[in-house]
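K.L.:
So you can see what is in the structure, the chains are spelled out below.
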Amino acid sequence: MNPVESLLTGIAPEHAPGFVAALLVIGWMAVTRWPLAAPDPARRWAAALLAITAAVHLVLALTHQHAGALVAVGFAASATGYGWLAWLARAGRRWRLPAALLVVATLAGYLAVVAGNGEEPDQVGLATALVELVILGLAVAPSAQPFHRRPVARVAAAAVILMATFLVGGVAWAAAFAAHDGAEPADGLDKHGAHEHGGRSQAGVLVRPGPAAHHATGQQRRAAADLAARTSAAIARYARLDAAYAAGFKPGLKNQGTDVHLEHPGHKRDGRVLDPEHPEMLVYAIEGGRASLLGVVYVMDEAGRPGPEPGGPVTRWHAHNLCLSVLPPGIGVVTPFGNCPAFSVTAGTAEMMHVWVVDNPGGPYAEGLDAAWVREHNGRNGLPQVRR
Amino acid sequence: MVRRHTVGQHTVGQHTVGHSADVVFVLLCLQAGLGLLGMVGLMLLMGSPPHAVGSVLKAGALLWLAAKVVRGRTWALVATVVVEWAGLVGVWLGALLGLLPGLTPAMTVTGLLTGVGLPVAIGWLCARQLATARRGTRVEPPTVPLPVLVAR
Chain W
1 MNPVESLLTG
11 IAPEHAPGFV
21 AALLVIGWMA
31 VTRWPLAAPD
41 PARRWAAALL
51 AITAAVHLVL
61 ALTHQHAGAL
71 VAVGFAASAT
81 GYGWLAWLAR
91 AGRRWRLPAA
101 LLVVATLAGY
111 LAVVAGNGEE
121 PDQVGLATAL
131 VELVILGLAV
141 APSAQPFHRR
151 PVARVAAAAV
161 ILMATFLVGG
171 VAWAAAFAAH
181 DGAEPADGLD
191 KHGAHEHGGR
201 SQAGVLVRPG
211 PAAHHATGQQ
221 RRAAADLAAR
231 TSAAIARYAR
241 LDAAYAAGFK
251 PGLKNQGTDV
261 HLEHPGHKRD
271 GRVLDPEHPE
281 MLVYAIEGGR
291 ASLLGVVYVM
301 DEAGRPGPEP
311 GGPVTRWHAH
321 NLCLSVLPPG
331 IGVVTPFGNC
341 PAFSVTAGTA
351 EMMHVWVVDN
361 PGGPYAEGLD
371 AAWVREHNGR
381 NGLPQVRR
Chain C
1 MVRRHTVGQH
11 TVGQHTVGHS
21 ADVVFVLLCL
31 QAGLGLLGMV
41 GLMLLMGSPP
51 HAVGSVLKAG
61 ALLWLAAKVV
71 RGRTWALVAT
81 VVVEWAGLVG
91 VWLGALLGLL
101 PGLTPAMTVT
111 GLLTGVGLPV
121 AIGWLCARQL
131 ATARRGTRVE
141 PPTVPLPVLV
151 AR
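Heads up: the sequence lines are chains W and C, in that order.
Be aware that the first sequence starts at 1, since it is given in the working numbering, and climbs by one per residue.
Be aware that the second sequence starts at 1, since it is given in the working numbering, and climbs by one per residue.
Note that these hints are calculated values from the structure, not bench results.
You may find that some hints are simply not true.
Sample of chain C residues lacking proximity to chain W, with all beta carbon distances greater than 10 Å (derived) [as the list claims (entries may be wrong)]: (1) Val-81; (2) Trp-85; (3) Ala-127.
Selected chain W positions facing chain C (in silico; Cβ < 7 Å) [said to hold, decoys possible]: (4) Leu-138; (5) Gly-338; (6) Ala-350.
Backbone N, C-alpha and C define an ideal beta-carbon position, used for all residues, glycine too.
With the hints as extra help, turn the sequences into a complete structure.
P.N.:
Below is the structure:
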């Protein structure tokens with residue numbers, strides 16, 4: 001997935017009009033200089049951000065009619081509230097308390113929806129949440145007027161901003177992970193049985209949109225089953241961890257846990273794609289002195305090149321946008337807000353696809369395995385780990 | 001009496017400068033929070049305490065700078081500009097790293113906002129405030145009478 005694809009894929013189709021509305025409002029404000037009529041920079045920023053949020057919510061009210069009257073009315077009401085507050089801030093009137101209350105209510109509603117599996121957090125939702133966090137910060141931070149220094153209030157404001165960022169980011173992260181690691185079978189349907197629009201680009205996971213939303217054909221299902229069977233047969237020889245080491249697989253940065261990935265540097269550069277005899281990675285559970293082979297990860301040689309999908313919507317590839325840390329060296333997951341920690345940079349990986357060879361509930365092409373299920377499986381079937 | 005406030009060696013009207021500092025304060029606090037959230041992402045995969053050190057130190061430094069910017073310290077404005085500029089260099093390094101065969105530049109809307117938009121906004125506000133201090137004049141006269149601001 002190239003950078004432009006990853007940028008566009010992260011926007012859910014039903015949220016795209018909201019994104020366009022935000023861009024239009026920004027353009028309108030740039031031309032008319034509407035927020036500059038506010039008496040001071042804090043109010044100008046607040047007016048501009050409130051107007052952007054109002055526009056996004058207004059458009060989402062129109063595009064979320066299918067989600068029920070309550071959702072649509074909620075969006076319309078919050079849009080009205082944000083628009084009114086933008087006008088108050090611009091006019092130099094009191095805006096802080098109602099803005100803080102409205103932002104808290106809006107963010108709570110958003111988190112309730114994503115945490116309750118109502119929808120997966122997308123880039124428009126997360127960007128709007130980010131804007132709302134700035135509005136909340138502007139609303140709770142005391143003015144730096146010389147007669148109003150109020151250091152305690154300022155520390156409290158900083159604490160509110162930090163905690164709100166953590167809470168919103170944490171819940172959105174958990175929701176995005178749940179969507180990626182859900183052990184549902186991969187068959188082109190989402191967890192509600194509806195057709196997936198397919199693409200995803202948040203919280204460390206990039207998935208290209210599928211060619212078209214459809215069920216796998218019989219031929220595609222047979223191809224997927226064949227690939228899974230050939231993979232299972234070919235890697236049976238690596239059931240013991242030491243056999244994998246002897247064959248040239250090397251552990252990555254993590255060597256204990258329910259998803260330890262062993263990489264084969266030679267297989268990564270051999271030009272073969274989806275070759276069960278030469279998988280790029282093996283996945284093991286290694287815990288409590290026992291190890292069990294869980295499956296493989298097929299990886300494309302070149303990042304940005306789409307992988308072949310013999311099983312159609314069953315055999316979907318994904319990539320990761322990771323944080324590559326320099327000090328100290330390490331790999332992290334990009335936050336829902338798209339940022340990385342200090343001394344690290346963001347980069348996307350080549351596309352990859354898991355094929356599980358264990359009897360997991362989601363089948364061979366599930367996006368992930370449930371950690372509790374893996375622990376139980378490893379406890380029952382794990383082989384004694386030979387120390388290297 | 002309008003109390004005047006020092007930004008470094010320069011005396012400027014407080015109205016506009018103070019409020020710009022309010023915005024910088026909020027954005028720096030948000031950036032600190034985002035950095036700590038990023039630390040959690042690193043700890044999730046690496047699980048070792050040394051990986052938290054850099055993020056905690058940077059978040060602490062950002063919060064400290066936020067407090068000093070609000071108090072109008074020129075050196076804090078300069079340091080903030082330098083920190084944000086370094087952050088933007090990191091974004092370009094990431095883009096260059098993405099040219100390697102096994103990697104690709106990954107772009108998202110939120111990534112652009114936090115990686116480019118936020119540092120540019122903070123750096124621009126601080127640079128503007130520094131320029132105001134150098135000129136020794138207000139950016140613009142206050143449009144709201146002081147008693148109204150005090151009473152807020």
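K.L.:
All hints, please: hold or fail.
P.N.:
Okay, the hints, checked on the actual structure:
1. With a least beta-carbon separation of about 17 Å from chain W, Val-81 (chain C) lies farther than 10 Å from that chain, consistent with its non-interface assignment.
2. The beta carbon of Trp-85 (chain C) is kept farther than 10 Å from every beta carbon of chain W, the shortest such distance being approximately 15 Å.
3. Non-interface call for Ala-127 (chain C) relative to chain W: holds, since the shortest CB-CB distance, roughly 14 Å, exceeds 10 Å.
4. Checking Leu-138 (chain W) against chain C: minimum C-beta separation of about 5 Å stays under 7 Å; hint holds.
5. The restraint placing Gly-338 (chain W) at the interface with chain C holds, with a minimum CB-CB distance near 3 Å, inside the 7 Å limit.
6. Interface restraint check: Ala-350 (chain W) against chain C, minimum CB-CB distance 6 Å, threshold 7 Å, status holds.
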